[in-house]
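Asker: If you want the building blocks of each chain, they are given just below.
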Amino acid sequence: MMSVFFTYFALMSIAAGVLTVALKNPVHCGLALLALLLHVSGLFILLNAEFLWAVQVVVYAGAILVLYLFVLMLLNLKTEERYFHTSWTYFLAPAILGSLYVLAQLFHSPFSGAKGDAPAQAVLQDGNTFAVGIKMFSEYLLQFEIVGIFLLGAIIGAIVLAKTPKPVDANRNSP
Amino acid sequence: MIPLSAYVAVSAILFITGLLGVLIRRNFIIVLMAVEIMLNAANINLVAFSHYLESMAGQLVALFVIAIAAGEAAVGLAIIIVVFRGKISTNVDEMSLLKW
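Protein sequences appear in the order of chains A and B.
Those letters in the first sequence? Residues -3 to 171, by this note's numbering.
Those letters in the second sequence? Residues 78 to 177, by this note's numbering.
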């Protein structure tokens, strides 16, 4: 049962990713990106990460993607004729070779290592959200605060950048 | 039981897709979307290792990655609006000059 769901989510997310890169109309690309995000959130459910599933749906699919679609509608882009880089076929062969090499390396490696302190039984006892919260507000508190300051800076930067500029003085450019 | 390498393989394929998108697409907004694909691939990797190595650290870093993706999207789209207001198209090949 798990493998059926995994196959579905994996194949659909890869297909949606390829469509995001390959489709011509930017709005269609945004919708394919939405499909990708939702299927990746399904993969998170299979990995017992319910809190990340919720964050993925709410923040990524709900906020970031709507921001993209808003800007697409605002700019009213028309589909360009040549939408790929002129020499895009030259990128394709190294990319396929590189990904095949990476996949071959991945299937060889055993991926064993020291286990952490959160086995599945202990996490399932109080729920994934509880475990994430305990860890975040004890060991990762400093990183959490840094992310808060980073987001404040990003908000201020976005507002300053997108603000309607004042009319430029006529004599400002003359030396 | 799904092996860990299956998740890592999905993540690798998605990452290569996003990287190809950054390299070959010419529309700035699509380039940003391809960056989002790469961040999602990294998130799958982090959460899969967090599950199989029984540690919460991967999920927390994935949360921080999502927060940083939100900031990146906001600032990137603001830059696109500024560039587009100057009647330059959103083609990345035509945005080759900074203001000096």
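One should not assume that every hint holds.
As the list claims (entries may be wrong) - Here are some of the chain A residues that sit facing chain B, going by a computed Cβ distance under 8 angstroms: (1) Ser(-1); (2) Ile41; (3) Phe133; (4) Tyr136; (5) Ile151.
What the hints assert, rightly or not - Chain B stretches covered by chain A per the calculated footprint, using a threshold of three residues with CB under 8 angstroms from any CB of chain A: (6) 80 to 89; (7) 100 to 114; (8) 134 to 140; (9) 146 to 159.
Worth flagging that the hints you see were computed from the coordinates, not collected in a lab.
Using N, Cα and C, we set each Cβ at its ideal position, and we do this for glycine too.
Asker: With chain B as the partner, please determine if Ile41 (chain A) meets the hint condition of a C-beta pair closer than 8 angstroms.
Answerer: Hint on Ile41 (chain A): violated, closest Cβ of chain B at ~10 angstroms, above 8 angstroms.
Asker: Is the shortest C-beta separation between Ile151 (chain A) and chain B less than 8 angstroms?
Answerer: 7 angstroms, holds
Asker: Grab the minimum C-beta distance from Phe133 (chain A) to chain B and call the hint holds if it beats 8 angstroms, violated otherwise.
Answerer: 10 angstroms, violated
Asker: Just to be careful: measuring from the Cβ of Tyr136 (chain A) to every Cβ in chain B, is the smallest value less than 8 angstroms?
Answerer: At about 5 angstroms, which falls below the 8 angstroms cut-off, the nearest Cβ of chain B leaves the hint on Tyr136 (chain A) intact, so it holds.
Asker: Identify whether the interface hint at Ser(-1) (chain A) stands, where standing means a beta carbon of chain B within less than 8 angstroms of its own.
Answerer: 6 angstroms, holds
Asker: Tell me whether the statement that chain A covers the segment 134 to 140 of chain B is true, taking a Cβ distance below 8 angstroms and needing three residues at minimum.
Answerer: holds (count 5)
Asker: Per the coverage rule (Cβ-Cβ under 8 angstroms, at least three residues), is the segment 80 to 89 of chain B covered by chain A?
Answerer: holds (count 8)
Asker: How does the coverage statement for the segment 146 to 159 of chain B fare against chain A, requiring three or more residues with Cβ below 8 angstroms from a Cβ of that chain?
Answerer: holds (count 13)
Asker: At least three residues with a C-beta closer than 8 angstroms to a C-beta of chain A: is that true for the segment 100 to 114 of chain B?
Answerer: With 12 residues closer than 8 angstroms to chain A, the segment 100 to 114 of chain B meets the three-residue bar; holds.
Consistency note: the structure conflicts with the earlier hints numbered 2 and 3.
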